[in-house]
Amino acid sequence: MHDLLLNPVIEILEKDGASEEEIATAIADLTQTATVLLYKQALEIFSDEDMQKLESAPNEKDANKLIMEIYSQRIGSTPQEILNSFLKKFVQDFVQENSKP
Amino acid sequence: MEGQTAEVAPDTTVATETPEKKRKSLGKRAAHIIRNRTVSYIKNLDPRGKDKFWWTGNLLSAATSAGLFLFAPGARLLKTAATAGISVGLQVAETAGEKYRDKFWDEEKKAERAAKREEKFPEGTSRLKRFLLGISAGGIYGAAVGLPLELPTYTPI
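Which chain is which? The protein sequence lines are Y and L, in order. Under this note's numbering, read the first sequence as residues 1 to 101, first letter to last. Under this note's numbering, read the second sequence as residues 1 to 157, first letter to last.
Each statement offered as a hint is correct.
In silico DSSO-like links for lysine-lysine, alpha-carbon gap of 30 Å or less:
no.: 1; chain 1: Y; residue 1: K89; chain 2: L; residue 2: K28
no.: 2; chain 1: L; residue 1: K116; chain 2: Y; residue 2: K53
no.: 3; chain 1: L; residue 1: K24; chain 2: Y; residue 2: K89
Honestly, the hints are just simulated from the structure, not real lab data.
All chains should be modelled from the sequences, with the hints used to inform the complete structure.
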C-alpha cells in the first residue's frame, strides 16, 4: 500500500498551514484509529477456539500466520484490505469536502 | 564585511528542500510519534472494567478526536472524513463476518465479551494487537511517506 495514497490529504493540510508536527500527529492518530477499529472487529469475530489457538501458538510468526488464516476464513478479507477500504474512503471524503468552494 | 554578508545570506534550506526530503522529514517525525504514543495507546487498550459506551462508541470517538484534528481550518473535515472511513471499515468486516457473529448480541454483550477475552487470553489478545498495529502502522505510514515502517519488536503489548 506504499502508493502515497494519503498524499492529497497531506497536500491540503500543508496548504491549510498545518505544520509538519501536526501532520505527523494526524498520521499517528489515523494509525491509532485504524488499529482500534481492526482490533474491535477481530474481538467480535474471532471465536474462543480461535483465541485459544492464538494464545498457544508457539511463536509470533505462527501467531501472525494464524491471524491471517482466521481473517480469510471468517471475514473473507485480509486486514490490509479492510485498512485499504478505510483509507480510500477517508481520502475520498476528505478531498471531496475540501474541494467545495 | 564578511560577517555582514554571512548574516544577510538567505537561508536556502527551505528553497532547496525537495519533496523527497520533505517526505523523509515528515516520515521521521511520524514514525517517532507512532512509536512513542500510538504503541503505548494500543498496549493499554483494555476493555476490562469499561462499559459498553466506552467500548462501542466512545472508544472510536476518542481515537478520532484524541488530538488528531486539533488544527484549523481542516479540523472538522478531517474528523468527518475519518468517521466516514471508520464506518466503511466497519461495514466491510461486519458484512463479511456476519455469519460468525451473533446478531442478537447487543452492545453490552459485545463489550462484556471483549473484556472477557482480555482476561482469558492475555497473550492471544496481545498478539492480535501487535499484529494489527503492525498492519495499520505499515499501511498508513506507507500511504503517507512511501516507506516501510519498522516497529520495535521488543515492545511488549
